[in-house]
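Enquirer: The lines below spell out each chain.
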Amino acid sequence: MSFLEVRGLTKSFGGVNAVNAVSLDLKEGELLALIGPNGAGKTTCFNMLYGQLKPDEGSVKLNGRELIGQTPRKIWRMGVGRTFQITATYASMTVMENVQMALISHHRGIFSVWPPASRRHRPEAHALLELVGMESQAERAASVLAYGDLKRLELAIALAHSPRLLLMDEPTAGMAPKERVGLMQLTADIVKERKIGVLFTEHDMDVVFAHAHRVLVLNRGEILADGSVDEVRANPRVQEVYLGGGSTFGEQEDADTGQSADGSVDKEGLANA
Amino acid sequence: MYRKLVGLTAAAAMAANVMGTAAFAADTIKIGDINSYKRLPGHTIPYKNGAVLAIETINAAGGVMGKQLELVSRDDQGKPGEAIKIAEELFTSDEVVMISGSLFSHVGLALASYAGQKKRLYLAAEPLADALVWGKGNRYTFRLRPSTHMQASMLAEIAAENPAKRWATIAPNYAYGKDAVAAFKKALMAKRPDVEFVTEQWPGLFKIDAGAEIQALEASKPDAVYNVTFGGDLAKFVREGELRGLFKDRLILGLLTGEPEYLDPLKDEAPEGWVVTGYPWYDIAEPAHKAFVADYQKRWDDYPRIGSLVGYNTMLSIAAAIEKAGSTETEALVDAMKGLTLDTPSGEITYRAIDHQSTMGAWVGTTTVKDGKGKMIDWAYKKGANYLPSDAEVKKLRPATD
Amino acid sequence: MDFFVVQILTGLSNAAALFLVASGLSIIFGVTRVVNFSHGSFYMLGAFIGYSLMTVLPGFIGFWASILLAGVAVGVIGLIVEMGVLRPIYKSPELFQLVATFGVILVIQDLTLLIWGPDDLIGKRSPGFEGVVKIGDQLLPSYDLVLIFLSFLVLGGLWFLFNKTRVGILVRAATQDREMVGALGVNQSWLFSGVFFLGSALAGIGGAAQLPKGGADLLMDFNILAPVFVVVVIGGMGSIPGAFVAALIISELNVFGVQLLPQSTLVLMFVVMAVVLIFRPWGLFGRPETLGSHGSQGPPEAPLRAFSGRLWLALAAAAIALTAVPLFGGTFLQVLLADVIIACLFATSLHFILGLGGLVSFGHAATFGGGAYAAALLVQYAEAPMEMAMLFAPLAAGLLALVIGWFCVRLSGVYFAMLTLAFAQVVWSVAFQWGDVTGGDDGILGIWPSAWASGTTAYYYLVLTLGLGGIATLLFMAYTPFGYALRGGRDSALRSEAIGINVRLVQWSAFIFAGFMSGLAGALFVFAKGSIFPTELEIARSFDALIIVFLGGVQSLFGPLAGGVVFTLLQDWLSRFEYWRLFLGLMIIGIVILLPNGLVGVGQWVRNRLGAAPGKPEEEAA
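Protein chains in written order, with this note's numbering: chain B, 1 to 273; chain D, 1 to 402; chain S, 1 to 622.
Keep in mind the hints are simulated off the structure, nothing from the lab.
Errors might be hidden in some of the hints.
Across the chosen pairs, the derived CB separations fall in these ranges [to be verified]:
(1) D:189 / S:434: 46 to 52 Å
(2) B:63 / S:253: 52 to 58 Å
(3) S:241 / D:397: 52 to 58 Å
(4) D:294 / S:5: 51 to 57 Å
(5) B:124 / S:391: 37 to 43 Å
(6) S:321 / B:119: 28 to 34 Å
(7) B:15 / S:60: 56 to 62 Å
(8) S:330 / D:353: 31 to 37 Å
(9) B:115 / S:288: 28 to 34 Å
Predicted, not measured: the structure shown is a model, and the values here were computed from it.
Ideal Cβ positions, reconstructed from N, Cα and C, are used throughout, including at glycine.
Pulled out of the complex, with its shape left as it was, chain B reads as follows (with noise of 0.2 Å):
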């Protein structure tokens, strides 16, 4: 049963068709991976699901509810996650009080002055800091941290008001190869044990094969293919895209981590902010 319906979703700048008609389902516990070339569009499909970005059409229903139009803050209430592709946390702040200060916002309390904030759900805080591996780093400043923990206690934090839908934008963009096998498994062991749907994009394609449960792939605003890694994997026209061939697209990829080309896609994604 899905919980997550996108229905013709379409944005165009400038005359130019970003995202045309997407639509796409998603279900409680599964894994869905958006992959596509520079420039297809994955970016702004986030945006818009996340109320960054207002879609010229179409809609996005979380159990019903429409997300379009509300505001990323609103979106978030309604139980959406999410992790940036450049990891966004407070340097100033301890990987704890990272997450602290999501369960305050969760629980409605920024606005209160007492108790201090570090002082604040502690427990709650403690077992989501286990839960990704970060609770020995927990009174580290989040500035000091590696690249790869950035991203473990990014997942932390969105999860800490137990969303049902995680989006999750190039997850493991600019880390070592190894660590992107741990991240996504932990991200798959987290989601099969709390049953939440997550969409995220990725260009490893080794990390979207091992862990994907199903694959959409968008060429130029447009679905190419939606289905099981096997089927997008045997798919004639998806190869073609992904230079004309080859049984993976795995090669490519190494010399060209996340941070690459596209990023300015994201850069732009993170000025509409």
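Since chain B is already given, all that's left is putting chains D and S on it; use the hints.
Expert: Just chains D and S, lined up with the frame of chain B:
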């Protein structure tokens, strides 16, 4: 160049004052002096030079009550709040017996309010605001220089004798300018109910847009113009006005325009034929004044400005008050200041008991250009006492009973 | 009809100097992202240098050569400032550059006084253009036409430079993307120096060219500063056509404003600026800021730590010592300490939005003076007792901050700073020009404490209680979720929005709260001094707070306290000397370059060097 040396000398003197405080403490009488030495040095340095000259002259003659006078000068940065703090320090740390000084009206008013609250004596030297001794006057504040009201009344007297009917005014848009226009209008209307004020222009202080102001004045076709602008504003006003023919065949009155501080920077472009209040130090023949000018030029290698005379008279007044009181206690000094009469280079002056305003007057004359410099000719000294309101009127103006 | 033509031409000629100075400022900002507050000083120097040259060089050629040479000389001075003061701190947060250029203002003021003396200088007339031109029955000085011609000449020249020459195109590219120019193989530091030379030279030419219409005096620097910033902000920072159009608007507005609203000329300019910024936050010709273009934020600050036992002890000791001051200290010490505490409260309230929130306000004086005026007005017109006025003042200041903040928190970086500055100037001009109510520059007098608090010691204790109480509240707020959310919005607005925090609402609330506390400082100030004047609303007052915050260290909670103590005492001490502004200016510049983390940063550095190195492991991952 020489003024720079003066400045450095003054700096050295000031530093010596600050550092030497402890050493002299026992056998000197200290007077606190607060002025905007950095904000308007062109006006305040002559004031200090005059004050220092007076102190040196008095001390050379044996001082007051057998003690030497010592001036502790401080810069208020043109900020009233700063002046209050310095006043407190002068009284409590430097143990001055009273304070004097200030040029800006708002600093003077702040110090007056402080003096009244803390019961400490303040002799306002240069600030012109009428409120200083009237609306906001108090027992502990006195003022030397002829106020806005007095100087404006002197010019209104001239204006009343002139056939001009359509008057225009231009004054900086701040309290002094507004006082000056209001006082002039009131005094003129009292004598000539038939005159009409056709326009009033209020350029921002030191932000005059002279071309536009003159266009606006010209547009109202006045017979005569009353000018209160000064400093850089005046220079721009005069130059632009000459060019655009505003002053042609019109009576122009200038408040303070004849003071060397304002007239001299204009050099050969000084306006001709304006009727102004000012200070023709070069032509005043009284022996006391001649001696003052000679002493001043010897001491500072510079000619006196009106500020120099005010500074000199301020210190003479303080010395006279201490002498009269025979004490340096504040209450005794206040009582001595009330009705204090003394001789100064500009003649005899009295601090009126009723409103604490001195009767020092001003010179009214016509401007001209001689040897590439602005001068006042056909001038006359107007006694301050003749331009002060009656006792009954003062009682109404001055709520403070003492 | 002739009258209007002459009016318009007069406005055009007034626009010339304004445009020259503003275009220079705009070019410098566009390329280097430095908000050069000393630009007015370059204008002043141009006038003084031009004046001196004109006394030496005779005739028509001498006059124009003087203007050109004054431009070159000021350009060289600008170059020296750029290389000596700004180059070491380009990578620092923008506040550093601002404070450094403020130091330059002080230095240039005193050097000018030292060289040219205190007297106003009246400029020479321009040979060949001494007369007037007749337009119908109206007269227009012919030099006005020369100035109009000059401004079009410069506009054309700049257009040619930036559109037709390689260097100019590079500069334009740099305005849009600094990294790209580096990639093109252009030496960035030479580009910056060149731009500084050009911008300063334009200001110098502006100063020299206006000599025949005015002169040279020591107030020119601050007098031109406000209108020039208005012009640059209205036109759009970095846009030369924008500077031209805005200079025209402001000048014509003045010319016709004089005619129609002779009493409100000051307010008009700032109201126009505020209106433009509300509808076009980036000015008429400006482009929205792209992310991260307003200077670096510096290294991330360390997480807040709970107060250690030793810190609590130190604070308690300090509080006891302050309480005991009247037992051993004289009354002046109490007065001075009251000033220090008020300055600390004022600066701590600024630090709350600036340090924690990353909102660099250039107009914090609005709430300080606003609170002071609110208290004074209540005493003056309602004869309210001190106690009620002190309660009312912070509320009024908070209300003012509510209005100002509503407009301002929609912007960030330099634009936020400029809009706060504009609003502060609006408040200032209202206090200055609405004389019937506020007393104008004669202020409101006789605002003294109630009888029980009127003694120096009694009032000292009142300031101690309320001042330290206010500071403690501000410090406490930093530790609350609200304070954390404020810091979070500064660190990453994206993250905040992604966890459901309304960043603007948080910033707006913080702005109001800081205004409330700043108003309390203002109320304590007015009853300490007994009077209030528009000077407490001036730009310089806002700068005091900025310098204190900066001096103490932006990244430290206790920075504003350390800065407040040192700045107030330093100023009290330095102002005894003739050339104290020179010392203060040099000291500020020295601190900016040598001690970028402020006094508290120095303290931490010393402690880290002396003590064991427990902080060390933190560095490995960074």
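Enquirer: Run through the hints listed earlier and report the numbers of any the structure violates, in increasing order.
Expert: Hints 1 and 9 contradicted; others consistent.
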